[in-house]
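Protein chains: 2
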Amino acid sequence: MTLDDLPTPCLVLDLGILRQNLAHMAAAVARHPGVVLRPHLKTAKCVEVARLAAPDGGPVTVSTLAEAEAFWAAGYHDQIYAVGITPQKLDRVAALPGVNIITDDVAVARAIAAHPGPLSALIEVDVGEHRGGVGPDDDALLAIAAALGPRLAGVITHAGHSYAGRSDADMAATAAIEHAGITRAATRLRDAGHQVGIVSLGSSPTALHARTLAGVTEVRAGVYMFGDLFQAQIGTHADADIALTVLTSVVGRRPGVLLLDAGAIALSKDRSTAAPGLRDDGFGLVWDLDGKPSLGRVVIERAYQEHGVAVGAPDLPIGTRLRVAPNHTCLTAAAHEGYAVVDGGREVIGTWARINGW
Amino acid sequence: MTLDDLPTPCLVLDLGILRQNLAHMAAAVARHPGVVLRPHLKTAKCVEVARLAAPDGGPVTVSTLAEAEAFWAAGYHDQIYAVGITPQKLDRVAALPGVNIITDDVAVARAIAAHPGPLSALIEVDVGEHRGGVGPDDDALLAIAAALGPRLAGVITHAGHSYAGRSDADMAATAAIEHAGITRAATRLRDAGHQVGIVSLGSSPTALHARTLAGVTEVRAGVYMFGDLFQAQIGTHADADIALTVLTSVVGRRPGVLLLDAGAIALSKDRSTAAPGLRDDGFGLVWDLDGKPSLGRVVIERAYQEHGVAVGAPDLPIGTRLRVAPNHTCLTAAAHEGYAVVDGGREVIGTWARINGW
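Quick note, the sequences are listed as chains H and L, same order.
Residues in the first sequence are numbered consecutively from 6, following this note's numbering.
Residues in the second sequence are numbered consecutively from 6, following this note's numbering.
The set of hints was computed from the structure by calculation and includes no laboratory data.
Virtual Cβ for every residue (Gly too), placed ideally from N, Cα, C.
It is possible that part of the hints are untrue.
Residues of chain H placed beyond 10 Å of chain L at every Cβ, according to the derived structure [stated by the list, open to error]:
(1) H29
(2) P92
(3) A280
(4) I323
Footprint (simulated), chain L over chain H, 3 or more residues, beta carbon under 8 Å [to be verified]:
(5) 76-90
(6) 245-258
(7) 268-278
Partner residues are not named here, just some residues of chain H that face chain L (Cβ under 8 Å, in silico) [to be verified]:
(8) C15
(9) K47
(10) G261
(11) L264
(12) Y309
(13) Q310
(14) V316
(15) L336
(16) A339
(17) V353
(18) T356
(19) G362
One chain only, chain H, in its complex shape:
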């Protein structure tokens, strides 16, 4: 079977590029002795990808309980479920020994401590993104640790604001803030008499650009595996390192415009590249069937539910197959049930399922 035989739209994952991206990140983390990579599987949501990114059942990060359960069943028994837990979700987690949870709330920490199951939790620390977490110097840090008691497994942060960086220097600066914040939190907890086994940080940009990770035990990153147009623009990788594309067919044509069967569901409505200082790639860039930009700059300017409107396109017959590079690979992948896997050519060498839902 080749890319010419697949129903469109569908996801195409290039194994060679994936392997290269994994090696690139592994090398970046290996610069820091004693620090392990805990890949985030939120992008791939795929057991076959996990086996490449985290061989030997190595530590992983997940974003949903559905992922936690599926990867646990696949032999991944050292996980962090990296979204703030609720008391109502503790029973599901307790059935998965080795799945660490996170919290930034004293009441939840008490519920974790009181639960009869084998729970283990990290305290979420905010180093400036202001999404979740307590500040490294916040009193709540010590209160949560006290409430968790022996169930405290460590501290965790995510410098998601690294995505606002536009240069390697920006990324390195955010990485330094991330590093300082999480090690400060660990130090305060240790000074108060707590064991802090795990000191976890990461985002794809900071993982690549961190100058020191002294005192950190592990790095988390996910989007680096597949890459996307946004990550390429902020310097995480090159355009040619985008491993995930959406195979699509031309379903309409008029001068300069192609209508594609990859629309808002197949691509997502993510507009990451519309951020200040970036080149706006619309809802994605259209490449040829080999995943190369041979058509020139063809941008998906509008995305309806099942139609993408690509402008700047040469005239091509209806039925022509093309591949769309995504703005934000995590969200583009989310609407699809699996991956058609290729390795640099058009031959489909495998079909890998995704773990969607919650």
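Following the hints, put chain L in place on chain H, whose structure we already have.
Structure of chain L alone, referenced to chain H:
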């Protein structure tokens, strides 16, 4: 089981509101004698919803071949697959007698005519949206009809530009343009000696606001079933008529801000309400567990993969359950595998599966 027992995030569909929305549209179409409603199932993608929206196996519209196959298996043998067909997809359609296809291309029309299967096609007409279709006065209209020969089943258009309207008068004006364009196309084809059985138009706004549908055989609409914040703002229905919400849990809190476990996947990144002239509802509005706006105006301002950041919120404990009204119901529903069905209360009276994928 009640809404307190469900894993979050998940979709909640209110059956009472759904039935009311279906009755409202049925009444709007019934104003036009001889015109039938061909509901578009692209929003619901659900057999149980189809049985309510199109009883007795009545005509339906679909947006993917996966929908066509599933609804055909469920007894819906009069369908229009309303995305321009490609030659490569004809074999799949030919296995589903009664599934009409659409095209706006002479080469595709020839492929349809030459296919050995029982195919039947409508010509897609552009009445101003400029997505797909040939103009009513375009020479290509007659050329496509000639190429289709006896496989010509009719003409079809969609005035999607009605969504740019901001008043009933705007909608009525677009509906008049839609009506004039599709009947003009039908007249030209008949004058050229073709049989034109189906004259199909529609969008939720134009279906509700059309003043005349003389010469039209059927109206298509889909989003009216569930409604959303965008449709409420453009007058398709009231806020209280939104039948679909996302059940979510509070996973983080700080003054004025709640972090929810409904993020960019569970809600979609659709920003329809950011359009000019509308009130920007961010990535959705947060209502209470009963689906009422009792919290005041709480807006999801940022959406990360699995986190929604809601601002303007009262302080609520972690684990509190809320419901998010979507910007664009079709896209919000797309990431979910099914619906938890309620009927005005918190009791879950059913779980209905969705037909996702392609």
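Legend entry - Structure versus earlier hints - violations, ascending order: 2, 4, 10, 14, 17 and 18
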